[in-house]
Structures are given as structure tokens and as C-alpha cells.
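Undergrad: So you can see what is in the structure, the chains are spelled out below.
Protein chains: 2
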Amino acid sequence: MNTFESPALADYCLDVARRARAASSALGLLGTAAKNRWLIKSAELLISRTAAVLEANGRDLAHAPDYGLDSAAIDRLRLNESRIAEIASALRQVANLPDPIGEVIEGSRRPNGLEITKVRVPLGVVFFIYESRPNVTADAAAICIKSGNAVILRGGKEAIHSSQSIIECLQAAAEETGLPQDAVQFITTPDREAVGHLLKLDEWIDVAIPRGGEGLIRRVVEEARMPVIKHFDGNCHIFVDQHADFDMALRIIENSKCQRMGVCNALESLVVHRGIAKDFLPKLDAQLAKYPIELRGCITTCQILPTARPASDEDWSREYLGPILSVLVVDSLEEAILHINRYGSHHTDAIITNDLKASRQFTAAIDSAAVMVNASTRFNDGGEFGFGAEIGISTDKFHARGPCGLRELTTYKYIVQGDGQIRP
Amino acid sequence: MNTFESPALADYCLDVARRARAASSALGLLGTAAKNRWLIKSAELLISRTAAVLEANGRDLAHAPDYGLDSAAIDRLRLNESRIAEIASALRQVANLPDPIGEVIEGSRRPNGLEITKVRVPLGVVFFIYESRPNVTADAAAICIKSGNAVILRGGKEAIHSSQSIIECLQAAAEETGLPQDAVQFITTPDREAVGHLLKLDEWIDVAIPRGGEGLIRRVVEEARMPVIKHFDGNCHIFVDQHADFDMALRIIENSKCQRMGVCNALESLVVHRGIAKDFLPKLDAQLAKYPIELRGCITTCQILPTARPASDEDWSREYLGPILSVLVVDSLEEAILHINRYGSHHTDAIITNDLKASRQFTAAIDSAAVMVNASTRFNDGGEFGFGAEIGISTDKFHARGPCGLRELTTYKYIVQGDGQIRP
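Protein chains in written order, with our numbering: chain A, 1 to 424; chain V, 1 to 424.
Hints in this document: simulated from the structure, not taken from any laboratory.
Be aware that one or more of the hints could be misleading.
[Claimed, not checked] A short, non-exhaustive set of chain V residues, derived as facing chain A with CB atoms under 10 angstroms:
| # | residue |
| --- | --- |
| 1 | Ser25 |
| 2 | Val104 |
| 3 | Arg133 |
| 4 | Asn135 |
| 5 | Ala400 |
All C-beta atoms, glycine included, are put in the ideal place defined by N, C-alpha and C.
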């Protein structure tokens, strides 16, 4: 952990970015077997160096009070033998995934005989900025390398020793297996300005991916000159249609809201058709009684459920990430769609219905990364979609939308083969 | 053409953007037939209102000297009956293209029975900023509407009357065919600040597309808060390998350089293998003798061709867009690849060779939107690729690379159908 004077810091960042670019040229040409050898060797070294990683983690844990981490944050920071085994296992899983690079996405022969293929290639250099969980260090590196990208990692200072000890395993594996030395680089300086310098280097870095709290993401979006793959809010809705199966609706709402409250695909706002509100809402209240969940309702909701508090206009836009659920009664499917498209965050929205027409209308009109019919919002996830590995869930429409796996870290090029064609 | 005071201008821009967003919701759900009816009716109205369009164009031509347009620019601005017929014909061609919206890109059934489909949907609202050619007004609107997007058009002031008379046809067609009224909007104020206001409205506008000179593009990239689909340089290379067919190489170089010099996919820099340089370069000199082309060469080139001027280091990065060609002799394919990846603009680069290994190595290692083997660089074009219509050629890697047609103006969403699944 060195700190730098300002010009030296800028030079250091430029050097890191240039090395990453050079490594990326070699990485893009690397075969699948070589990338997988690195992944498997990294997993082996993580296991064989468990003691060293735990020792480094112990140093981070010792400093945790200085950073004001609460007990949940300390728990996320803490490694043990089984967590290290999980990190190693995740690396092996990425080795088992199909290599996206080289895929012929499509192709055609033109009337003049030119043969055109659209081939998947890496983006180039990824700058990955994340907060305290040390397992992200290995996960992010694995996904970037498997998709042929060089990666510059910037982890949170709270986990810096743990991350660095994991990086040492990954870099030693690179040396042993012939992966370009600068394919995985870790920013060691705690200097906050390093991120700012790197975010300006769009000539060398192709994409920035922040993973963490809203403050981090907003800073990266504001400062980055390269494109950003990001995740903002997940204000997810469920609409209970008048033709819903109540038992199914209750089960899905409970799962969407309560299975894990602090995640982006958890339910935040319930919309209920007026035709069933009076029958359904008391059952919902009973279903959720075992959880300490506060309901914030519209006027009708509050009339039906005296325990509900009145919702303010702000509530409709909020991502609570905790034990609060807003509830709105609407007159029609159309009103539900307008409300969700207006107040939602275009992340995950679901309808519970047995009516085919309503289901078709909802899935066509809702402008969200994932639109669910009769399923929990919690399924909007790279693992659940079968991607095998995930760097996050994009709330953008550009380039990648929804869960981002290996393919979302790629682009394509056109290869055009001829035998002397010229343009008339 | 109204001008506004500053707060009124900002309000006007916000109103335009909001109307576009509202129109885009309806457009995204519109069937193919309705979009095609609008395209065909627009073509009809353009033809039947030819006199009015020519009258408006006459007013623009009368003002052309005030804007300092040269004769080439005036020629691009000038409409006549046959040019209007071409614009109408282009609209009909877009009607004939397949509708990208609703395409199921892929899908799967998960082990828990969830059925996931990835469906192509519009981006939403496109802000299209272009310079003087009035035909772009119709072309851009056609591509945006066919791909389900609402469009805000901002044309150059030099063509404002022509563009506005074309817009009147498109909007009248919208009214007659039931297309949402604000699907196609045209910014009528000549105020330069209108562009700046609109570029800040990333909440309402999904993508900005500038088409014109470098100054325009840099301004848009600098100011836009939404993603930009853009075209920077086209410093295109041809590498003549030692195993090249000389006749083919000469024919392809002549076509790539001379068929149209001022376009982005024209040849700017030639790289020649040392093994053939002495035999090949004099033939090249003879082949190009009928054109007034200046060769700027490396030391070896200048030794072989006394007519060549010495190239400076700057020349290797230049996009001349005119009668200059830089020529570099290299010792190997590897050196050619390094040079092209370093100095090129990742747009279009070609190899001329009969050697399969060289062709494979070149296409794998060159990091460009289109990599050609034994074909003219001029083929990197949406029309030549079979896209049917094109909004430009992207030099970015993110979202869209190379020629951008209808599909490049789309994104996707995941539709997940279940029968009550919850996450364990």
C-alpha cells in the first residue's frame, strides 16, 4: 500500500491502463484451454494458500472498527476456510462455462460473393470498482479473463489485505500458466484520486463497472469518460390482477419481499386490482404477519387495512431495501402499467394472473429489464437465468440490460472474406 | 422558426422530450403493418407535395451564400424531382425491411420450469442531430420509427426549410395513418443552445446520434448525458502481404482509395511487406498515375519510389479524406498488425494475401469493426452488408460496432413465464 504524490499517481494510473491494454491484445487471442488452466490453477493456489489469505483477512478485520463497519459489513468481510473454498469453487465453475469468444453470432454470403461473419470478441480492458467483499476480487477477475478482457481491479480499502492476498494467488497462477502478466492488475494505493485518474483514461480502458452503494455508482457515472455498466435502483413491483390465484399471489409476494430484503430484485411495491382488493389485502396482511413489515398504502388500501400507514407520493418511487412495502389499489390493468412504467426503475416487475390477455398486455407494455408472469421477482439474476456467472444486473438499455454474464463483457467484429471484390 | 428566451427554450426542449417519451410507449406496441402504412403514406405525400418541397428547398438555396456553403455543399443541399423520388423510394425500402421488434433473440426453459425469452424491443427515444443534407430528415425518421423509436430531429440551419417541408409530409402521414403524433418531432428553433438542453435530458432521451463533421460529434460526445452512437475517424489500412496477388492488390487499392475519397471507409494508409515492396510499389505508382494522388512514404518507400514524399509520424494517424495515401514498408505480418492496431482507428482494415495462415492471423489480431480479406475497404457499409438501411458506422465497441441499421437501434427485455415459482 503505497501512496503517491499527485503527478506520480497519474503516471501510475496511466501505466496500469497501458499495461492492461497491452495484455488485452494477447488475451483476446488466447485459447479457451489457456484461460481455463489459469482459472483452475488460481483455485488450487487459493486453497493451498488458505492460511495466508486468512492471515491477511485477519488484518482487515482488525482494522474494521476504524472504518466504522457494522456487524453485517464485518460479516461480509470475514473469510474462513469454507468461504475460501467457495471462492475457489466459483473459479472452477467459470472454467466450466462455455467460452463466449469466437462465437459466430451470424453470417451471410452477399450477392457479390463476399462472406461476412459477425464474430464475438472481448471488449478489451475492464475497470472494476467495488466495495468491501473480498470474494468479488476473484469473481470479477474470473469473469473478465474468461471473456478475454484484461481487468483493473479497485477494491474497497476495508478489504485491501484480503483482496491483495487473493490477487497474489491469481497473479501467481498467471505466471505458472502463461497468462499475460498484466491481465489482472490490482490498484494498491488507497488514494481516492486513483479512481478519478483511471476513469479519464478512455483511450486505454473500454468499460467501467462499479459495484457497491449508490454513492460509488453515481461518482463513477459522473466521472467516467468510458461507458459504464451499472446498476441503479431496483424498485420492483408485483401487480395482482383481478384474475389472480390468491394462494400463488401470496406465496410469490412473500418470496419476493421477504426471502432477502436488501437485494435489488426484492419486491418494493405492490399494485392490486380494485376488483379483488377487499378480499385479497386482508389475506396478504395475515400472510406477512410473521415478518415485521410495514405496509404503506393508498387511501383505499388504508380503508381496507387499518394497520397500513398512508403512503406519500414519494413512497411510489422508493427502493426500501428493507421491511417496508408500498401498496396501491388501481382500477385496471392499464392503470397498473402506467403506474409501474412511471414510478418503477425498469428493473423487475411481475404480474400474477390466470388471464392470458392480461399477461400478454403486461409483458408487452412494461418497459423493464425483466417482466415476470406468475413468478417471484427474485428470479431476475444471472445464476437463475443460467448465465453461470454474473457481474451485476444492468438497469441500462444500452449494450447490456438485466443480468450481465460473460457475453455482456464482449463486443463483435465483422470479418469479410472475398476474392478480389471491389465496389462498383 | 421561433427563437426563445433561455428559460422558455429549456421548457420547450423538455416538452419535446416528454412528448417523445410518451409517443415511444405507444410506438413500442405498434404492429409492423401500422409502421409500414406510415412509411408508404409518407412516400406518397412526398411525391404529391413535390412542388411545395422544392419551393422550400429554393428558399434554403437562396440563403446558402449567407451560410458560406461551397458548391459541393450547395449541391448536397439541392433537391429536384428525381432526388425527392429517391427519398420516397428509400422510405418504401424501409417498409420492405423485416421489423426487428418482437424478435425472440433466444430463450430457454430452466430446471424449475421457468420459461425465459429474450425479446427485441426499441431503445425508446432517439435524438438525431445532423448537418445540411435534407434527405437525412426522412431517412433518419424512417429508421427510427421502423425500429419502434420516437425520434427528435435537429437538422442543420442551412436546410431548415427543406427539412421542415419534408417533416410536414411525415407528420401528415402520421395523422392519416394513426401513428402517435409526437413520434417524429423536428426542432424548429435555430438556437444552438437547444441541442445542449436536449443532450442533458437523459431521463427522457435514450440515445443521441450525431451525423456530420468532427466538431458536431465532439460537441455531442462532450455534452450528452445519454449514450451516443457515433462515428469518429476512419483511418483505414490495406496490408499487402508477401503472398498477395499483385493484380488483385492493385485493383482493390485503387477501388478503396479512389472510388470515393471523402468517405469513412476509403483507404488512407497502405502497409506493404518488405519481401515484395521493390516489385510492387512501382506497379502501384503506375496504377494510381491517372489520379492526382500524393504518396507519403517511409524511408524504404521513398527509396523505391522517388516521387513519394517522406511521411511524418503524424501521417500514420491521419484520415486524409482526400488524394493522399501514406505508405509503410514492414518486415513482417506481425509488424503490420502492430502498426495497424496502434495507428488505425479500428474502423476498416484489409489484408491482400493468398496465404491462409496470414489471413487467419490478420483477422484474429486486428481490432477493428470490419476486417477484410481480399476485398475493398469500401464494403464496410450497411447497404453492402445487407442491412437495407443505415444510420451510420459506429467506431465504438459498446452496444453497436460497425454499420448501424434497424437492429442497432434496439435493446431487449427478458420475459419470464412461470406458474407460481418462488426462489428457495
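Undergrad: Each hint: holds or not?
TA: Status of each hint after checking the structure:
no.	hint	in the structure
1	Ser25	holds (7 angstroms)
2	Val104	violated (12 angstroms)
3	Arg133	violated (21 angstroms)
4	Asn135	violated (21 angstroms)
5	Ala400	holds (9 angstroms)
When the structure is compared with the earlier hints, violations turn up for hints 2, 3 and 4 and for no others.
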